[in-house]
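K.L.:
Got chain Z sorted already, so can you dock chain H onto it with the hints?
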Amino acid sequence: MKIDWRNAPEPSFKYGLNVFFNPKTLGLAFADEASGAPAAVRAPEGVLVMTLAEALADAALAPQVHAALDAKDGREARIAAWHRALAANGVVVRVPDGLECAAPVRIDLELADAHRVENLIVIAGANSRVTVVEHLRSAANAPGRALRSAVTDVIAMPGAKVTHISLQDFGARVTDLALKRGRAERDASITWVECVFGGGFAQSRAVTELAGEGAAAGMKTLFFGRDAQQFDLYQEVRHLASNTHADLRTNGALLDAAKTIYRGLIAIEKGTKGCVGKQKEEVLLLSPKAEIDTVPNLEIASEDVRCGHAASVGRLDKERLFYLMSRGLDEPTAKKFLVEGFFEPIVEEMRAAGLEDMVQCLIAERTAPLGVQC
Amino acid sequence: MSDVLTTHGIDMARAAYDDQANSKVKYAAPAGLSEEGVREISRQKNEPDWMLAKRLKGLELFLKTPMPSWGPPLGGLDLDKIVYFVRPDAKESKTWEEVPDEIRKTFEKLGIPEAERNSLSGVGAQFDSDVVYHNLKKEWEDKGVVFENMDVAVQKYPDLVKKHFMTDCIPVHDHKFIMLHAAVWSGGTFIYVPPGVHVHVPLQAYFRMNQERGGQFEHTLIIVDEGGSVEYIEGCSAPRFASSALHAGCVELHVKKDASIKYSSIENWSKNTYNLNTKRAVVDAGGSVEWLNGNMGSGTTMLYPCSVLRGEGARSESLGVAFAGPGQNQDTGSKVIHAAPHTSSIIRAKSISKDGGVSTYRGMVRVTPAAKETASAVHCDALLLGDGSTSNTYPTMRVDTDAVDVAHEATVGRIGDEEIFYLMSRGLSEEQALKMIVSGFIEPVTKRLPLEYAVELNKLIELEMQGSVG
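Chains as they are written, first to last, in this note's numbering: chain Z, 12 to 385; chain H, 5 to 474.
So that you can see chain H by itself, here it is in the shape it has in the complex:
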């Protein structure tokens, strides 16, 4: 039987995510959004004109676009009180020793340097709006792999960035929060993998919001050239504040011919964060994308990773697990657009709603007339624990051609008394039995994660399950 965390251990574990560091701030924009503010971000970053133009376009569209009319309530989100740009008083460093103490301690609590030493090719860590630490193992640098802070990439790789940044994958006008993102984005990750290069050890980034009423708007752009492959993992967290924070990140994956990307993300923003995130991949012929998403934190999440399979034979696989505890509203799901022949997709979504939490699967499979000989399978499972919890399933399948196989299945249920009884008769306590069943329920997701992330996900779930038995 795996170790059950002691009360002390639980507090320690939760504290690692919830504590705010007393780090110094170099620059914090005034709260609220203004053209002045947007220009200031661009000026401080010394950006080329085309990027400033993009930001201003985003701002213009954002101001005239209404809030979404569907999905979870966003009434508690006061966009005028958010601080859109916060720079910690630290330069980007290549070694952890150079990172200011307070920030380093936070990341150490979160286990970042340790993970890097153990099994990763490279790590980027972002504190509020700026990246404070970045490193890529030399082996990959020599092969032409680029793993950079997004702000640096704008300066160092202007052509690549200009061609791919918010163009054909996620355009600026996509939706309200992408417009906002375009206006105030800061930091994030840029990865370029040259043709035929396989980066077989994962690259990692960690994002942390430390400022009260802060907003984090990191931009992740990954381009894997023909026949190349990469695995990228990101983690996110924020301390617990009295007022709401906003995360509106943007992830763009460009999977070229026969290339592949595995993208994993464990989000654990504090429970008063609005996580309104957008992730999309465009996949060319023979390419494949794999999404792994764990949504544990945030008060409200709206996240629907999307794969656009635009080349013949492109593939997509999405695995997601969402956990909605008291007061949480996890509105997630996967989207796949089959726009070319012989494309295939698999979506597997797991959700747990506990003690009043609301989890919603909202997904879409679209098969266009061009997508002959396409196959898609969607599978959703929801588990309800405790009184007053809600589980919604809203899948949409739109099929425009006959040479296809599209299937959807969903189940919603509770843990059976017999199952608990059986495990208890084998000597487990009720709480252990419950945890074991929940771990088993999400296992299809955890077993696809790198070990340390699987451990983290299990630990998080265990933390959330603490005290489930009255």
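Chain Z extracted, bound-state conformation:
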């Protein structure tokens, strides 16, 4: 069913009692046209990279590509409709069965358009192994205000292992609406590693379905907001089959008047057995004006499970700070060390993408106001 985005209801961004964004502050200036020209894609040997049109012309690929394009969006109706109306372009990455890629597929986007709508579909064949890295920045001469909607689909066929790593560092006037969908078949695994630094408003919605027995999903998320940045993070894993595993971990920090709403859901379907779901979120509030709303949900409809979630919100640990200072560090340096240490488990994951230094630098840039220059 196609609805005209102009007729779709205004997005409300209400996520329950007292948990909401004011849509007026989010820069949702939709337009009739948007660019979708593929970003620069570099792929290792053996991996097929094609445009959406080429993939749809391939009889073997078309059904999967269609299924991905028609999958539930889940974002606000107007955003979903706008994306659907303008998503003519995109990239399909096909990893042949059994191929174990040594080097990652790299996508570098330097955002220069005022409006951009794009699709990326990764189809990892049976028992293949691939890492996809997306590095998203604003172009140096970018005009400023921009609205981007990006949908990434990862389909992991039986036994495939896919890691998707993204580093988002758009300018402060960019509104980024990112949707990630994953579907893991039997014994396949999908790991999402995500670092959110940029955008005036950055939405990231990641929904992974564990469709085959023994499938696994991982999420490692880092966010660091400052000034008046607003982040809307949602993570969902649906256990549709038995013996599936999910491990979600989010580390975030907020400076100045930055605000983040973090929502999570682990859903275990009826009739499954032996599922394990873990979700952990830790947030550092580094300013009295910063705000974090945390809603980590569990929906469990099977008795044979082990599930848990933990969330904590607070400031830098006083005892650790004291310890470091007792070793001769001044307060700003000690604080900087603690913040960097706090993010280390996620930064580690960026090493495979060669983006570790970049992420460390972005963290250092933000910890500088704590007193130390990068």
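These aren't lab readings, by the way, just hints derived from the structure by calculation.
Hints may contain errors.
Said to hold, decoys possible - Some, not all, of what chain H presents toward chain Z, calculated at C-beta under 10 Å:
#	residue
1	Trp74
2	Ala379
3	Pro399
4	Ala407
All residues carry an ideal CB built from backbone N, CA and C; glycine is no exception.
P.N.:
Okay, now just chain H, sitting in the frame of chain Z:
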């Protein structure tokens, strides 16, 4: 090993809650809600104009407010078929002998007079819409403690009631079922503890719905003045009927400076009751509130006790256990609003979903910018037993300031085969092992209850666990 109830014992125990007494009814309003009906309640109670105005305001708001768009389904609740006001043919009595036989027998089955003799300062017992028995030990009366039927309190303590009744704690417009409550409330408990008085033995009330398609809308208002303290316990039950009943009570706790209230409630309404209850405390500087909630009964429960910590250093602790058996939907959770510096809260919720039952933890911790140096910890544990059971956890934490420590943790799981095997290898039957593990699971709650309530809670759980092993 504690005594395992025999089949006969179980039937007896269940029957105490499920039987309907053949007591006489003095007045029963026609089913459904009308302005006429609301005016009639107020007239029969000879209420002052401000209370009637409040009722009518509630009715007006109720009629134009839609049903909640979230939470468990309420489709089976036919609000037009509920009898909103039922008076048993009995006057309020000070001794049990004066209470009509049928009603007395019901309460005796439930163990009320016995509990009073043993360890309580005072007891109130309510049958449908009216309080039938009320007593406070003289010792406390002499110290100025008031423990009254809410209807009587409106007449006897108009200033105190007018100031605190559905004003700054739970206002009439709060939500749909509070509006309904405001319109048709009847009976309940009023407690006032003067400054500096510590009532160190618990006060108790017991509410019973006996009328088919009845509604019970008791109002509990507890005010503890500066530096005072009180412990209050209430139990609720209703017989089992073919059609649905509704309970929409309201509990308001006013904890003044440095005062404290411990509020415990074991709800065991019959399984076709919709229990849509509202409980809230406003806590001033240095005050503390402790909530203990056991939700065993009802088909559908929506209950989220809330503490508003509005004075510096105020504290709140919530302990809850919910049990959802076949066909039950227990949607409960705790809310805390930190609105002042140096406030702290602890929430601990336990739920058991069994054989198709649905239990949901839906909670909220809100830390406002004013709440510097605040600490909050939320801990939820859920146990799933049998096929088709569901456990949901929806906690929300909203933190608006940096000088805080807020933590949430939840676990969901089943009883491990190894644990059962271990206990069975020590000579327990499988059923005994299961019961023992479940008792251990809810122990953090039971050990905080007065003994006879801990026993009741354990007995109820044991009853519900009966026949768990196929």
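K.L.:
All the hints need checking, so say for each whether the structure fits it.
P.N.:
To see whether the hints hold, each was checked on the structure:
no., hint, verdict
1, Trp74, "holds (8 Å)"
2, Ala379, "holds (9 Å)"
3, Pro399, "holds (7 Å)"
4, Ala407, "holds (6 Å)"
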